[in-house]
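Trainee: Each chain, letter by letter, is given below.
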Amino acid sequence: MHQRRNWLQISGRAVAGLTDAFAIVFRHLFRRPVTEEYPEFKRVLPARTRARIILTRDPDGEERCVSCYLCAAACPVSCISMAGEERADGRRWASWFRINFARCIYCGLCEEACPTLAIQLTPNFEFCERDLLTMVAEKQDLLVDHGGKNNDYNFYRRAGVDMVGGKGTHIGEAKTLNIKSNLP
Amino acid sequence: MSLWVAGIIILIVKLLLVLVALLLFAAYLIYVERRLLGFFQLRLGPNRAGPWGLLQPIADAVKLLTKEDLSPTGADRVIFLYAPVVVAAAAILIFAVVPFAPGWTFRGQPIPGVITDLNVGLLYVYALSSLAVYSVALGGWSSNSKYSLLGAIRGAAQMISYELSLGLSLVPIVMMAKSFSLVDIVNAQARCPFILLQPVACIIFFISSVAEMKRIPFDIPEAEHELIAGYHTEYSGMRFGLFFLGEYVTMVTLGALVAVFFLGGWRGPWLPPLLWFLIKVAAVSFVIIWIRGTLGRLRYDQLMHLGWKLLVPVALINIIVTGGVMLAWGYKV
Amino acid sequence: MATIVPYSHMLILAAILFLLGAGCAVARRNLIMILIGVEVMLSASGLAFIGAAMHWQQLDGQAFVIFIMAVAASEVAVGLALIVYSQRRTGSLNADDYDLMKG
Amino acid sequence: MSIYAIIFYLLGAVIVAATALAITRRNLMHAIVYLVLSFIGTALLFFLLGAPFLAVLEVVIYAGAIMVLFLFIVMMLEIKPEERTLGPWLRQWAPALALSGICLMIMVGFLFLNAGGPGPLLLVTASPLAFGRFLFQKYWLGVEIASFLLFVALVGALYLGRDNSTTGG
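Protein chains in written order, with our numbering: chain E, 1 to 184; chain X, 1 to 333; chain V, 1 to 103; chain R, 1 to 169.
Everything labelled a hint here was simulated from the structure, so no lab data went into it. Computed from a predicted model, the values in this text were never measured in an experiment. Hints are supplied without guarantee of correctness; some may be wrong.
To be verified - A few chain E residues that don't get close to chain X, going by computed Cβ distances all over 12 Å:
1) Leu8
2) Arg13
3) Glu37
4) Pro76
Stated by the list, open to error - Estimated spans, in silico, between C-beta atoms of each pair:
5) E:Ser78 / X:Ile203: 51 to 61 Å
6) X:Pro72 / E:Ala83: 42 to 52 Å
7) X:Leu19 / R:Tyr9: 22 to 32 Å
8) X:Ile317 / R:Lys138: 25 to 35 Å
9) X:Gly296 / V:Trp56: 52 to 62 Å
10) R:Gly156 / X:Thr105: 49 to 59 Å
11) R:Ile7 / X:Leu37: 42 to 52 Å
12) E:Leu8 / V:Val26: 42 to 52 Å
13) V:Val26 / X:Leu196: 24 to 34 Å
14) V:Val26 / X:Pro199: 48 to 58 Å
15) X:Ala59 / R:Ile7: 18 to 28 Å
What the hints assert, rightly or not - In silico DSSO-like pairs for lysine-lysine, Cα to Cα no more than 30 Å straight-line:
16) X:Lys178 / E:Lys42
17) X:Lys146 / X:Lys63
18) X:Lys63 / R:Lys138
19) X:Lys178 / X:Lys309
20) E:Lys149 / E:Lys139
21) X:Lys14 / X:Lys178
Don't be surprised by glycine CBs; every beta carbon is placed ideally from N, CA and C.
Could you build all of it, start to finish, from the sequences and the hints given here?
Mentor: Structure follows, in structure tokens:
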């Protein structure tokens, strides 16, 4: 007896569940689709959306890239290549810098890897070509005249690189201690 | 002699008209299904090619026809190349016995509203649907791919299992119409469509034929999450298109068969018979798409249990009950 | 009334088919092919029965074809089950490998 | 020669060719495909010979069920095509061919010795209704026995096919 009631309950629940599901799906026929039709309707993307890559400059107008190859190493699809050189004053720079956007997957790992904030990703994603070779961007295509997401950052003024002044002149760095004296 | 020639010409014209109508209906069913699924899921569906995307089937056909026709290494080439033909041919050939109108008269000569009124029409439908297994099994086997082979084995097992309940569910219809001919079955529903007298048979027939078509919730042979595309994983271009076309022609044919067996065929008040027939076919197709939008996929063991432990026994009980009731009401052969 | 062909041609066709099936069952060493040969023989005998039914205008011949089909279906069900069983037991489908009882 | 005779000889040639190809294939899958063709041809012959019901049953049962079962087993067991070796091939086929040839010659001889007896076949068709009525009036016991045979075969196949690895299933 208990078994039979159980069976009836189960089948009743199944029928109720099925009816409910079908009714919900049918009601969706008359609801407005949530689709945004892309070429006619363009949503404004957040400023930090990751798409096309740029190379930024520091506040002094110098290229930030020091050609450390970390972005090329981090890139999962190996679309970044460059050659590093050293200037007379000891500052490193990339003599050429190339990104193959036909292969780029906009993962943002290069941005993560960059120690100088040189590589940054911008919201511009609408670029495509029939000829793949025109998607290869050289350094002059990538360089911009601003600092991107952080305009004030200057790698050489911040880190312990002896470039713009002696020890203790960098931002956030304590004055050098005179180890010969105990005076405060 | 001229009458004979006229008969041949009328037959050929009718064949062409039915074929073109069937293929167009199937092609636009693909479009309608994609649009409806879009709406069910709060999307839009294809709406780019032409106004409201109405040219989408043509764009799809052009794309499929111009794609490269690949065959995998190690495939059994001849079987691989010709397996897709079977499914499309079987689906189209079923329509030869489906009555779509009561018929017309042209200059005093009657034109029946069916291509051929076979006196074993129902069994002919059954035979062709059982031949459709070959395209699945052979196509999957000859692809030389494990996904295809698994899909083919599942497909063959599923189609054999559900053919049984498909056939058994139609026995009460034959008992009540006293004929295998589809025209006679439509005529037997002059007073009352069989769906009111045989609701159980209708449900079993519908479920079994959805399983025969390998559509959701019975699409285990082509379960994309496990088997990529099942038995037609390795197919490309128009050969894949034939599998696709076969599936949708089968859907139209199923709609027509449900209309003929249970909904009274072309019978209906006020509207012309052909229109009634089309409305019924479209309604059945809509229900199939609705099911696809609603249900998930059954597990393999659930599928087999549903077929063998529920549908077949219920169909057998339905036959016995129908026979008993008919005897009690004083039925004479 | 339209005639088709002499009854003897019908019987010869059935005989050719039957002998093809018998040859397959005798000569092939694969268990599945042997079973297929038996199926061909059964189908050929059905053909002969149908021809006979037509020749004598009696439906008995056609009735027998129904029984032949029932026998063929049950034979295949049991036969294939046996083949699968023995393939699981011995791992071979070659009839020559089943020689445990060397005479 | 009437159009029916032409159809008969064409179908006969197709059936014999398909069957001959089927029984000589080394690849089981090809054999099954040829055999399906042969059975469909046989079904058409049944149709020509006035048995539409049996013709459709031939397609449903032989081509649609039995051959699919074979296909299923071949796919499941993953059978390699046989090796092509001439020696055993000759040893196996020679006696079969010889015996078949002798049987066929005797058969043809008998038929032509008795040439006056069996006349041409007349075109008649047994409607499914008439056939069903005849079957269940005269051979109802046979039908019951056949159904019982199928039931026994079902039970036998289930028993043979059960999984031995699990206990207490």
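Trainee: The structure should be examined with respect to each hint, and the outcome stated for every one.
Mentor: Each hint tested on the structure:
1. Leu8: holds, 16 Å
2. Arg13: holds, 16 Å
3. Glu37: Non-interface label fails for Glu37 of chain E: nearest chain X Cβ at 7 Å, not farther than 12 Å.
4. Pro76: Nearest chain X Cβ is 25 Å from Pro76 of chain E, so the label holds.
5. E:Ser78 / X:Ile203: 51 to 61 Å: holds, 58 Å
6. X:Pro72 / E:Ala83: 42 to 52 Å: holds, 44 Å
7. X:Leu19 / R:Tyr9: 22 to 32 Å: With a Cβ separation near 30 Å, Leu19 of chain X and Tyr9 of chain R satisfy 22 to 32 Å, so the hint holds.
8. X:Ile317 / R:Lys138: 25 to 35 Å: holds, 29 Å
9. X:Gly296 / V:Trp56: 52 to 62 Å: Between Gly296 of chain X and Trp56 of chain V, where Cβ atoms are some 59 Å apart, the hint holds.
10. R:Gly156 / X:Thr105: 49 to 59 Å: The hint (49 to 59 Å, Cβ to Cβ) holds, given that Gly156 of chain R and Thr105 of chain X are roughly 58 Å apart.
11. R:Ile7 / X:Leu37: 42 to 52 Å: Since the Cβ atoms of Ile7 of chain R and Leu37 of chain X sit about 47 Å apart, the hinted range of 42 to 52 Å holds.
12. E:Leu8 / V:Val26: 42 to 52 Å: Check failed, 60 Å falls outside 42 to 52 Å.
13. V:Val26 / X:Leu196: 24 to 34 Å: About 58 Å separates the Cβ atoms of Val26 of chain V and Leu196 of chain X, which means 24 to 34 Å is violated.
14. V:Val26 / X:Pro199: 48 to 58 Å: holds, 54 Å
15. X:Ala59 / R:Ile7: 18 to 28 Å: violated, 44 Å
16. X:Lys178 / E:Lys42: violated, 64 Å
17. X:Lys146 / X:Lys63: holds, 27 Å
18. X:Lys63 / R:Lys138: violated, 60 Å
19. X:Lys178 / X:Lys309: holds, 29 Å
20. E:Lys149 / E:Lys139: holds, 19 Å
21. X:Lys14 / X:Lys178: holds, 28 Å
The structure shown violates the earlier hints numbered 3, 12, 13, 15, 16 and 18.
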